[in-house]
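Chemist: For chain A, the structure is supplied; the task is to place chain B with the ligand on it using the hints.
These protein sequence lines map, in sequence, to chains A and B. Take the first sequence: its position 251, counted from the start at 1, is 251 in the working numbering, and no numbers get skipped. Take the second sequence: its position 5, counted from the start at 1, is 5 in the working numbering, and no numbers get skipped.
Just so you know, the hints here were simulated from the structure itself, not pulled from any lab data. Be a bit skeptical, because a hint or two may be false.
Unchecked claim - Keeping only pairs whose Cα atoms sit at most 16 Å apart, straight-line, the calculated EDC-like set for lysine to aspartate or glutamate is:
#1 A:Lys4 x B:Glu20
#2 B:Lys36 x B:Glu75
#3 A:Lys229 x A:Glu246
#4 B:Lys54 x A:Glu81
#5 A:Lys4 x B:Glu17
#6 A:Lys237 x A:Asp212
#7 B:Lys54 x A:Glu84
#8 A:Lys204 x A:Asp134
So you can see what is in the structure, the chains are spelled out below.
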Amino acid sequence: MYYKLPKIDYYRPKTLDEAIRLLREIDNSRVIAGGTDLLVDMKTSRVRVRALVDISSIPDLRGIEDLGRTIRIGAATRLQELIESNVVSQNLPLLKAAVESMGSWQIRNMATIGGNLCNASPAADTAPPLLAYDAEFVVIGSEGLRVIPSTKFFVGYRKTALNPCEILKEILVKKSEWSGWSYVKLGRRGGFTLSVVAVAVLAKVIDGVVYDVRIALNSVAPVPIRAYKAEEVVRGKRVSWSLIEEAANTVAGEVTPIDDVRSTSWYRREMSYQLAKDALAKALGVA
Amino acid sequence: MRVNFTLNGNRVEVDVEPNEILLDTLRLRLGVKSVKRGCERGECGACTVLVNGKPAVSCLLLTVQVDGSEITTVEGLYSDHLFGELVEEFSKNFAVQCGYCTPAMLLTAYAFLNEALRKLLKPSKEDIVKAIEGNLCRCGTYPRVVRAITEVLERKLGKYG
Ligand SMILES: Cc1cc2nc3c(=O)[nH]c(=O)nc-3n(C[C@H](O)[C@H](O)[C@H](O)COP(=O)(O)OP(=O)(O)OC[C@H]3O[C@@H](n4cnc5c(N)ncnc54)[C@H](O)[C@@H]3O)c2cc1C
Chain A
1 MYYKLPKIDY YRPKTLDEAI RLLREIDNSR VIAGGTDLLV DMKTSRVRVR
51 ALVDISSIPD LRGIEDLGRT IRIGAATRLQ ELIESNVVSQ NLPLLKAAVE
101 SMGSWQIRNM ATIGGNLCNA SPAADTAPPL LAYDAEFVVI GSEGLRVIPS
151 TKFFVGYRKT ALNPCEILKE ILVKKSEWSG WSYVKLGRRG GFTLSVVAVA
201 VLAKVIDGVV YDVRIALNSV APVPIRAYKA EEVVRGKRVS WSLIEEAANT
251 VAGEVTPIDD VRSTSWYRRE MSYQLAKDAL AKALGVA
Chain B
1 MRVNFTLNGN RVEVDVEPNE ILLDTLRLRL GVKSVKRGCE RGECGACTVL
51 VNGKPAVSCL LLTVQVDGSE ITTVEGLYSD HLFGELVEEF SKNFAVQCGY
101 CTPAMLLTAY AFLNEALRKL LKPSKEDIVK AIEGNLCRCG TYPRVVRAIT
151 EVLERKLGKY G
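If we strip away everything but chain A, and leave its shape as in the complex, we get (with noise of 0.2 Å):
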């Protein structure tokens, strides 16, 4: 036995309410969903708790619901159901494609969009899309609900815009036309690895012209961005080859990477630039 998990309470309630107040009354408590994140961090002693709230059972955290304007995702839901669900298929094949590119099957049966988005690794693989469909995130806690836009929720290195005793309930994303997509992420291995760099585009091309576009990359920051300027360089504009090539110019040089064990800030910044290039050639339909 290599790690030895330290004493804690377990708690699993079947209501929101029970769990908001079991975090506020127990000190140094944690919410657990999938535990893919959390039972590593406290296995090698980076997080200390003392007991943990299961919120995997609530069950107005689960599911995917397609509300006719907006998709809302519970955030105890699994990734590998959003890999499964046609409402995701159907509206957000951006958050699709990221996740099919996240850990293993066993992971992805395990693992929940709100454990990646809470735990606020430069590398979650869900949050470039999140930040590109521009998506909303409803957190409450015992003043009761609040809206943080996706864009505002990373607030520093594993740090969310959550309180203590806050729970991400569900995410909202408004339905929208986009003409293309593309998550191009690059890692250590084939699949199933953390990105050294991943970039996700959304774009809006009518005739030729970019009405619209979204570009989020991770792992070249302290948390996942938006290349707002980058988007400023190709919006209304018509596409070509020199375009793109600006764009990715640009990206390069909004993003601030650092040396970790996975890559160097020299080597992602040039990746920035080529994973840009690559995405925004297919989500702008020229590759």
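Modeler: Just chain B with the ligand, lined up with the frame of chain A:
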């Protein structure tokens, strides 16, 4: 804490500390030795079990989390027909070398075959490769494992072109 679950069709009740992982409960308490200890952080897949029919890694599951679930390991599949065919193809194709990853590999492959047959959808070669991505084999038997799975599929759903 008292935890009840079904292990290979039999109801079991264990009294465990909340920090006990399912891998330890299975190996050390219940004597299920087909579930192997590997990396203990979800990357190698040697400790895979089926939770309600779906592969999951037992090193990242607290035993208290599986209360009320159905857990399956290869011990529970000896008399299962599909599993028998899969094992036969593994042996015919020499899809085993040292054997450490094999029980877990078989479980993932079995769950994958079950889903494919239930949906009557013939998976692509890429689908097969992707399904076993989470089961590392340090002997490198992957091409043989893929062949073994493919042969079971061909027998059930027709030849691959
Ligand atoms: C082998 C392996 C491969 C992986 N591959 C990838 C990959 O390719 N891409 C990637 O992005 N990630 C990957 N991961 C990381 C991890 O699987 C994902 O981040 C996963 O989505 C986390 O979800 P979870 O439900 O397991 O989170 P948990 O571990 O349960 O929780 C993570 C954190 O979020 C908090 N939390 C969870 N849910 C909520 C909520 N609803 N409200 C408030 N706080 C909450 C927890 O308190 C904890 O701090 C991998 C992990 C492993 C072990």
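Chemist: Now, for every hint given, state plainly whether the structure supports it.
Modeler: Each hint tested on the structure:
1. A:Lys4 x B:Glu20: This hinted pair holds, its Cα atoms lying about 9 Å apart.
2. B:Lys36 x B:Glu75: Holds, at about 13 Å.
3. A:Lys229 x A:Glu246: Judged against 16 Å, a Cα distance of about 11 Å means the pair holds.
4. B:Lys54 x A:Glu81: Holds, because 12 Å separates the two Cα atoms, which is no more than 16 Å.
5. A:Lys4 x B:Glu17: 12 Å, holds
6. A:Lys237 x A:Asp212: Distance of about 10 Å is within 16 Å: holds.
7. B:Lys54 x A:Glu84: Answer holds: B:Lys54 to A:Glu84 is near 13 Å, not above 16 Å.
8. A:Lys204 x A:Asp134: 15 Å, holds
The structure agrees with every numbered hint stated previously.
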